[in-house]
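**Student:** In case you want the letters, here they are:
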Amino acid sequence: MIAFRAQFEALYHQHQTEVYRYLRSMGLSPPDAQEIVQEAFLRLFQTLQSASPPVNPRAWVYRVAHNLGVDERDRRFIPDELPDPDRLPLLDDQTPELLLISKENARRLVEAWLTLSKQQRACLSLRAEGLRYREIAEVLTISTPTVGEFLQRAMKRMREALYD
Amino acid sequence: MTSNSPAHPDESLSLRYLDGELTGREASELRRHLDGCWQCRRNLMELQTTINTYLRLREKVLGAADPPTGIPWLPFDQLYPPPATPPPVRWWNVWKLAAMSAALVLTLLASVYLARNPVPKPRQPASPVAVTLPRAAPPRSRPPSPPAPVPVPEAALSPLPLQVRAAQILHELGADLGEPVVIVPSATQALVRANGLDPRRRQTIAAALAIQPGIEFQNIDPVASVPAAASPPTPAQPLRPKLFHAQLLNRLGSPAAVESFANAILDDSDSIAVRAHALSTLAELFPPDARLTASERAIVNTILATHRATLRRHVQSIRNQLRPFLPAAAPAENAAGAAQAGELDRLLNAAFAGAPLALSDPELAVRIQTLLQALDE
Chain A
1 MIAFRAQFEA
11 LYHQHQTEVY
21 RYLRSMGLSP
31 PDAQEIVQEA
41 FLRLFQTLQS
51 ASPPVNPRAW
61 VYRVAHNLGV
71 DERDRRFIPD
81 ELPDPDRLPL
91 LDDQTPELLL
101 ISKENARRLV
111 EAWLTLSKQQ
121 RACLSLRAEG
131 LRYREIAEVL
141 TISTPTVGEF
151 LQRAMKRMRE
161 ALYD
Chain B
1 MTSNSPAHPD
11 ESLSLRYLDG
21 ELTGREASEL
31 RRHLDGCWQC
41 RRNLMELQTT
51 INTYLRLREK
61 VLGAADPPTG
71 IPWLPFDQLY
81 PPPATPPPVR
91 WWNVWKLAAM
101 SAALVLTLLA
111 SVYLARNPVP
121 KPRQPASPVA
131 VTLPRAAPPR
141 SRPPSPPAPV
151 PVPEAALSPL
161 PLQVRAAQIL
171 HELGADLGEP
181 VVIVPSATQA
191 LVRANGLDPR
201 RRQTIAAALA
211 IQPGIEFQNI
221 DPVASVPAAA
231 SPPTPAQPLR
241 PKLFHAQLLN
251 RLGSPAAVES
261 FANAILDDSD
271 SIAVRAHALS
281 TLAELFPPDA
291 RLTASERAIV
301 NTILATHRAT
311 LRRHVQSIRN
321 QLRPFLPAAA
331 PAENAAGAAQ
341 AGELDRLLNA
351 AFAGAPLALS
361 DPELAVRIQT
371 LLQALDE
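Here the protein sequences line up with chains A and B, keeping their order. When we follow this note's numbering, the leftmost residue of the first sequence carries the number 1, and every step to the right adds one. When we follow this note's numbering, the leftmost residue of the second sequence carries the number 1, and every step to the right adds one.
Since the hints were derived computationally from the structure, they do not count as laboratory data. Hints are supplied without guarantee of correctness; some may be wrong.
[Said to hold, decoys possible] Cut-off 25 Å, straight-line C-alpha distance, at most; resulting in silico cross-link-like pairs (BS3-like, lysine-lysine):
#1 A:LYS118 with B:LYS60
#2 A:LYS156 with A:LYS103
#3 B:LYS60 with A:LYS103
#4 A:LYS156 with A:LYS118
#5 B:LYS60 with A:LYS156
[To be verified] If you want the ones that stay clear, here's a sample from chain B, every Cβ over 10 Å from chain A, calculated:
#6 VAL184
#7 GLY253
#8 ASN263
#9 ARG323
#10 PRO324
#11 ARG346
[Said to hold, decoys possible] Between beta-carbon pairs, the in silico distance windows are:
#12 B:LEU359 with A:THR47: 53 to 61 Å
#13 A:TYR163 with B:ARG32: 22 to 30 Å
#14 B:ASN195 with A:GLY130: 16 to 24 Å
#15 B:GLU377 with A:GLN49: 41 to 49 Å
#16 A:GLN119 with B:GLY214: 35 to 43 Å
Quantities reported herein were computed from a predicted structural model and do not represent experimental measurements. Cβ atoms here follow ideal geometry from the backbone N, Cα and C, with glycine treated the same way.
Whole structure, please, built from the sequences with the hints as guidance.
**Tutor:** Encoded structure:
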């Protein structure tokens with residue numbers, strides 16, 4: 001039991017920030033996102049001790065967090081996942097790292113992002129967190145080829161925004 | 001798509017390539033194409049730059065790895081309740097347990113003692129009074145044996161349940177489909193060994209296996225190979241003309257369509273080889289006489305059934321596509337397994353990718369049909 005708790009604690013520390021970031025990308029506020037992360041990991045902890053533990057705990061916890069996040073988002077009528085491009089603090093940021101992204105490019109990317117469907121954004125955010133296509137499919141309960149299609153369409157939009 | 005093909009990869013293929021989602025064959029074909037195509041290399045770089053830019057933007061906009069503002073993360077111990085206290089143990093259960101343990105220990109000690117100190121034969125009585133004893137069989141001369149191992153109940157040592165669980169985990173992760181991950185056959189432990197996996201995939205598999213205590217995961221990073229001394233160039237073997245090429249061209253209309261057709265066949269063949277390998281590995285690990293419980297056997301059977309069904313689907317796909325070109329009847333083959341799947345893959349590569357082979361076209365067609373029939377059954 002002690003070893004199990006230690007393993008689980010490692011899992012919790014390893015993935016809590018990723019899941020939190022994913023929930024923030026859904027437009028949830030920091031306290032809401034944080035609460036859902038803790039709730040999702042609590043459920044994972046209980047499920048792992050059950051007779052049929054999930055085979056891929058990372059995908060499982062993302063799935064639970066995603067579903068809780070969607071419920072919360074619908075409950076609060078959060079319209080869009082990113083703020084108005086004109087009011088992004090990013091555009092006034094002049095750190096050396098951000099100089100790599102021109103203001104114009106950042107604006108175009110955000111505008112392209114806002115035109116994506118919720119599923120496309122979810123795929124993109126989950127991929128950015130390092131999930132494989134199969135894991136994304138598991139989280140969003142869609143097929144793996146569909147994940148590929150969503151990602152391809154999303155990237156096409158983003159790429160056109162930067163290069164066309 | 002080959003290096004001398006005019007077909008450029010579409011955006012979906014390029015993205016899956018960057019994401020490491022292509023099969024080995026698809027990726028190597030794409031790499032070959034990229035070697036000779038500036039335009040596609042530029043497209044790929046643009047795609048990668050778009051990904052990089054999106055990631056930087058996302059990190060800034062979302063506050064990336066910033067800890068949540070306002071409320072700190074709850075410490076682990078506050079988030080999760082301590083493990084439930086076990087129910088009080090009744091005194092008669094304690095005695096029962098103690099008695100059983102003592103009996104077990106005594107049995108073990110007695111076994112060890114008897115193994116090391118065989119019971120001496122009764123001496124002949126010293127008295128002159130003759131005593132007739134039944135004649136025992138003469139003792140066999142035995143070489144001195146090492147001390148007998150302490151007998152332990154077999155169930156406690158058998159790694160089979162854990163090996164079944166490992167097979168289940170790998171199957172659900174899709175890691176039993178040609179990835180360099182194996183369950184090492186062993187009578188004493190459940191060991192999963194990976195060889196040269198990319199770090200992220202390795203981490204996923206290790207994390208999934210770690211949930212099940214008792215399964216050991218071992219990763220071996222391949223040692224960077226020392227480049228061999230340059231060997232004299234061998235004369236290139238003349239490539240065999242593709243089987244059915246003229247008929248396919250006539251039927252499909254363009255070289256690009258023929259190539260796409262051939263790629264679909266070869267992809268099916270890849271999948272067949274991978275599934276056949278998975279089936280043969282499982283059969284080796286869990287033969288019919290393996291001492292599995294009913295539920296463990298059910299798990300293994302489910303995995304086997306999945307592989308069989310998928311294999312059969314790919315076999316039927318090839319049969320349907322090649323039906324106009326293959327002989328209607330071919331000699332039957334008794335059994336089919338990984339070896340036949342491997343041979344089929346080799347023959348199809350010869351037929352559709354120009355790999356050299358010492359068979360005439362009609363012989364090749366008959367052999368392909370034989371193998372497809374065998375695998376289908």
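**Student:** Identify every previously stated hint that the structure contradicts and give their numbers, smallest first.
**Tutor:** none
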